[in-house]
Amino acid sequence: MGSPGDVLTLISAGSATTRSDLARLTGLARSTVSQRVDALIDCGLVEETTGGESTGGRPPRQLRLRTEDHTIAAVDLGATHCRVALTDLGGTTVATAEDQLQIAEGPQAVLTHVKKRVDELLGERTLTAIGIGVPGPVEFAAGRPNNPPIMPGWNDYPVPAFFPDVPVLVDNDVNLMALGEHRHAFPGTRHLLFVKVGTGIGCGIVAEGRLHRGAQGSAGDIGHIRVSGHEEAGCRCGNSACLEAVAGGAALARALGVESGAEVVALVQQGDVQALRAVREAGRLIGEVLAGLVNFFNPEVVVVGGLLSRVHDHLLAGIRETVYRRSLPLATQHLTIVPSRAGVDAAAWGAGILAREHYLSPDNINRLVSACEDV
Numbered sequence: 001m002g003s004p005g006d007v008l009t010l011i012s013a014g015s016a017t018t019r020s021d022l023a024r025l026t027g028l029a030r031s032t033v034s035q036r037v038d039a040l041i042d043c044g045l046v047e048e049t050t051g052g053e054s055t056g057g058r059p060p061r062q063l064r065l066r067t068e069d070h071t072i073a074a075v076d077l078g079a080t081h082c083r084v085a086l087t088d089l090g091g092t093t094v095a096t097a098e099d100q101l102q103i104a105e106g107p108q109a110v111l112t113h114v115k116k117r118v119d120e121l122l123g124e125r126t127l128t129a130i131g132i133g134v135p136g137p138v139e140f141a142a143g144r145p146n147n148p149p150i151m152p153g154w155n156d157y158p159v160p161a162f163f164p165d166v167p168v169l170v171d172n173d174v175n176l177m178a179l180g181e182h183r184h185a186f187p188g189t190r191h192l193l194f195v196k197v198g199t200g201i202g203c204g205i206v207a208e209g210r211l212h213r214g215a216q217g218s219a220g221d222i223g224h225i226r227v228s229g230h231e232e233a234g235c236r237c238g239n240s241a242c243l244e245a246v247a248g249g250a251a252l253a254r255a256l257g258v259e260s261g262a263e264v265v266a267l268v269q270q271g272d273v274q275a276l277r278a279v280r281e282a283g284r285l286i287g288e289v290l291a292g293l294v295n296f297f298n299p300e301v302v303v304v305g306g307l308l309s310r311v312h313d314h315l316l317a318g319i320r321e322t323v324y325r326r327s328l329p330l331a332t333q334h335l336t337i338v339p340s341r342a343g344v345d346a347a348a349w350g351a352g353i354l355a356r357e358h359y360l361s362p363d364n365i366n367r368l369v370s371a372c373e374d375v
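In the UniProt record's numbering, the protein residues as written are 1 to 375.
Watch out, some of these pointers could steer you wrong.
List of simulated lysine to aspartate or glutamate pairs, EDC-like, C-alpha gap at most 16 Å [claimed, not checked]:
| id | residue 1 | residue 2 |
| --- | --- | --- |
| 1 | K115 | E48 |
| 2 | K116 | E139 |
| 3 | K115 | E98 |
| 4 | K116 | D165 |
Hints were generated in silico from the structure; no laboratory data involved.
Please model the complete structure; the sequences and the hints are all you need to start from.
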């Protein structure tokens, strides 16, 4: 608990605002604390200002994370959209843009567009790190999509290599939605499930306050859990009776004779009785799968987001009906099932948080300080 990265963690969290605080919290000698702080200042990561309250003698100098000179790019790539948000190192949004973009155009075209848009928004700012969410499975450690069904040409593509000058973190969009929702709307919650109900269905898992990806990054792929009684429903994964194939937006659109999940939402908002029934039944089917997850994982909160959450009154009614009926009383005693508070911003928020937390991690800060000292 004494490296430059550890010291910066205390400063950025607000746990230490003076050198005396750092000495007390870390147990380091004041001379060592001064060495760590001076190194962080020299790297442009911390600044020290006057203005603290004096207890006699000179006012103490205040330490704070230097946020303004470090910009994070948060990128949310969907099947048909690209959202880019720039934030400073403290998480304050400084610029945003959204474009219609087909993920099926492939990595070269899509990432070229992303790079152009980020550069336009940056202006004179300095890019520190990039977080990117994509609508498919990702091998997180390598930043490579893994057989994503709606992303032709993306399999095993080294996304970080497209941006060689900065750290790039890539993850499945549902994981980032879970991360964004947790940090912004439920920061005190230890166990949370985020269910995205869009064209497909996925789930992000927060366990003990941390995003849980599983061994290879495929945790939460609930859209391909089998739903009994629907053996005739073929799924894009090659199996049949998958939850996504009977309750996802694309499945509902086919059943209602429309083109997309967005049109399903429009029908519900217009009061179409058939669409209302279909969405509520989809909620019941999703609830069947979630009931098993609630018994197994025992979350405090289940958040429902994605396109169909725009008609959450009807979708959540079906989900709650089944979950509370099929789950154990102890598992649902304090469970809440709610619509997303972050809405369409959830994935971009999560992408920014992912990149920012990586950049500020003690190991990365130690590397940066070491590189500064070698210059």
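**Message:** Under the constraints set out in the numbered hints, which ones does this structure not fulfil?
**Reply:** 1 and 2
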